[in-house]
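**Student:** So the chains spell out like this:
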Amino acid sequence: MFPLARAAQSLVARGIQHTAVRGAHRKHEPTFHDKYGTMVLLGGASMFTAVWSYVFTSLNVEWGISPVGRVTPSEWRG
Amino acid sequence: LPEVAFVRDLSAQQRALKEKEKASWSALSAEEKVELYRIKFNETYAEMNKGTNEWKTILGGVLFFLGLTGIILIWQKHFMYGPVPHTFSEEWLSAQTKRMLDMRVNPVQGITAQWDFDKNEWKK
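Chains A and B, in that order, are what the protein sequence lines are. Numbering-wise, our numbering comes out as the position in the first sequence, counting from 1, plus 4. Quick note on numbering: our numbering labels position 102 of the second sequence as 89, and the sequence is numbered without any gaps.
Derived from the structure by calculation, the hints contain no laboratory data. Quantities reported herein were computed from a predicted structural model and do not represent experimental measurements. The hints are all genuine.
What follows is a set of in silico ranges between Cβ atoms, one per label pair, in the way DEER data are often shown:
id	chain 1	residue 1	chain 2	residue 2	range
1	B	SER13	A	SER50	51 to 61 Å
2	A	SER50	B	LEU(-3)	51 to 61 Å
3	A	GLU33	B	ILE58	29 to 39 Å
Using N, Cα and C, we set each Cβ at its ideal position, and we do this for glycine too.
Chain B with its partners taken away, still in its complex shape (with noise of 0.2 Å):
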């Protein structure tokens, strides 16, 4: 397609100056210069190519999504779940650990191999 100006109608000014521009360049001022940018270009190349805060937006909305998702477990904590069982407390939890460390559950890459059966205690 054939290269069109922005500024395709132009004002008595603008039109004046198209005539000076036909003459030596040097002639025209550094004002004069940019306006008949203007004419030809929406925007310079820095206006074109700078950034946006886009991002921001973005990753607010983003983070503020996941916090819904948050709200929504402690919607579901307070009236979906019942009580924790009993199974979890502290005391079950490591009787139960003893015991499958006695029984040896897993013992080439899992829970056994984690613990040191020398020093009694978690491998490091």
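For reference, chain A alone in the conformation it holds in the complex (with noise of 0.2 Å):
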């Protein structure tokens, strides 16, 4: 989670050196990350919402959960 911290507060620091150099002879290329690392990240945590909440839900995969507070006992004799 640091580099997360980290990465949030450069990007505050960024937005203030840009408006401190107006005259920057030098644009600094968006790198692959900025053009589409959002899209990545939304397409990523999209799919797999989908596809986990299918399984978990409609797949009829038997997760073998545990019965306690789960199954209410019934009669087996007979």
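Need the complex rebuilt from these two chains, each delivered in its own frame; the hints are there to steer you.
**Tutor:** Next comes the structure, spelled out in structure tokens:
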């Protein structure tokens, strides 16, 4: 999580720096992550939630969850 | 190694500026000072230390491949697994559970330890 916080803070610093250096003759080229990062993140997250919500609800896989707290015992003799 | 400036081949304008740098620095304007900095260094500290958006690509990629794993599971269920055995039906599980409790299976820390025999319910 720490690099996440550091990146978030540096984005603020970068914004301030861009307003300060108006005559900057250097345009820092947007990287792949700048261009597509958000799209990749959202796409991956939505794909993940779609697939696994289907797996856990509709796929009828026997997960073998413990009966404790879940199953009501019923008579077996006979 | 000896220190080397970022820009090694100076234009005529930049060479004139380096000459002016030899005089009093208070004579330099703000833009000239910035230009001198840019001759010496590639990036400012802010530019050098700034974070990237790399984490978005990484996290998105990780989630994508975890999603692929889920797709593998779906494929397996569809093409490979047989039908769920009848011993997993609700009726069988409840009868099985009662039989395990009647037999006092794992009474110390296991399933029987979780059942309250006085109130006839699972312990909270």
